[in-house]
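Peer 1: For the protein sequence lines, the chains are A and B, in the order given.
If you're matching positions, the first sequence starts at 5 in the numbering used here and goes up one per residue.
If you're matching positions, the second sequence starts at 114 in the numbering used here and goes up one per residue.
You may find that some hints are simply not true.
[Claimed, not checked] Stretch by stretch, here's where chain B covers chain A in the computed footprint (C-beta under 8 angstroms, at least three residues):
| id | region |
| --- | --- |
| 1 | 14-26 |
| 2 | 62-73 |
| 3 | 76-86 |
| 4 | 117-125 |
Derived from the structure by calculation, the hints contain no laboratory data.
C-beta atoms are modelled at their ideal positions from N, C-alpha and C, and glycine is treated no differently.
The residues making up each chain are set out below.
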Amino acid sequence: MGLLRKIRETGRVAEAAPPAPAGDVLASAREFGGSVQVRCVDAGSCNGCEIEIAGAFNPVYDAERYGARLVASPRHADVALVTGPVTRNMAEPLRRTVAAMGEPRLVVAVGDCALSCGEFAGGYGVEGSVGDVVPVNLEVPGCPPRPEEIVAALRRVTGR
Amino acid sequence: MSGVGYVAVAGQVAVVAAGGPLLAGWMRQVRARMEGRVGAGVLQPWRDMRKLLRKEPITPVGTGPALRIAPALVVATVAVAAALVPLLSTDTPISDRADLILVVALIALGTLALALAGLDSGTAFGGMGASREMTVAALVEPTILLSVFALSIPAGSTNLPAIVSGTVHDPARLASPAGLLATAALAVAVLAETGRIPVDNPSTHLELTMIHEAMVLEYAGPDLALVELGAQMRLTLLLGLLASLFAPWGIATSASWAALAVALALFTLKVAVLGAVLAAAEVFWAKLRLFRVPELLAGSFLLALLAVIVSYFLSSES
């Protein structure tokens, strides 16, 4: 009963939807028609971006209302959300993950490390940026990017 | 007569097939609202389905026929069961064949096909999910059989339409101890059979806690669409069966168009209410630890067994 009262008192915590993000819906995303399954791949990140991705799917930002949903298998996924500089050990798993996804598929690189290796550039365990390993369709800069920016990128993919 | 009857059968299959994704969307929406979210909308599962049908089909390397046949078999068994179970009307051309044991066997066939596909996918999680699913199924199928059997004793038949129309004419059967025990047992069995909390979590991302999701990890594109449609249809069918057995009012017992229209409206309402209650309950519950699941299911089996015993003694008194 305590939980029920809490639910009633709290009501809706999701913030009002911001206007549709700048930039067109990606051409390859048009086929998704408002439904995108997302698979997160941590290719060597410090977990800062992961916290912000979790934030983007929490009740406040609620990325699910735009039709994006996190899934457990790359076979179910349309979008790979890749974070971190790609370490030597994660380069092959990342290639395989992207290869396991059915066409049409998109790769979204999240965070400065994914785009340019950031703080870890030149490290002995770093293979390169995400773009060096798999083709990247959309980039979300920031260290770490804010949840709004991740949600805006996902909205450009879902078109909602 | 037969015209209305055939329409009723086709209507049942169509309602379950079209309504399954809508029910899933409705339940996600109820859950989202209770969590303070906005939610993706009731139509989201249909959008998922449309998108999945446009994606390329994938046959993973090293998999055999079981993986390819299972999605179609799951949907087909649920569709046949939906035609048989009295959801809208008890007076259909095939109502003589709607036997309880046949319906449970059809549902079990779908479960078995998916478990074989999980083994065939050749991944560690597929095999693990299949083994767990069969453990749960072995405990759930007898419960479903027994709890409906408790209701079949007063009706004197294991024919589902006969049980339902008997209850419509004599509602006192439901208020009996046997009826109440059987309701509780079947409700738990339906939760387990459809892979909902507290037995399984349909939105989990943790492979180690998965049951149903672990078996379908290798499916992609149109096959995945069929698997998801099958799971959603099965939830609709079993909630509809629960509604027909324990709140049968409004179901068409004669072949008339007006009765069928009323039955359709009331069926939609009943399943929507049941779905909302289930979604709300899921917000309050946590998933049970896997080793505790057999205890829950054994408890529900015990309730069903008690229901049969009570039903037998009470009916022999009168």
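Peer 1: Which numbered hints are broken by the structure, listed smallest first?
Peer 2: 4
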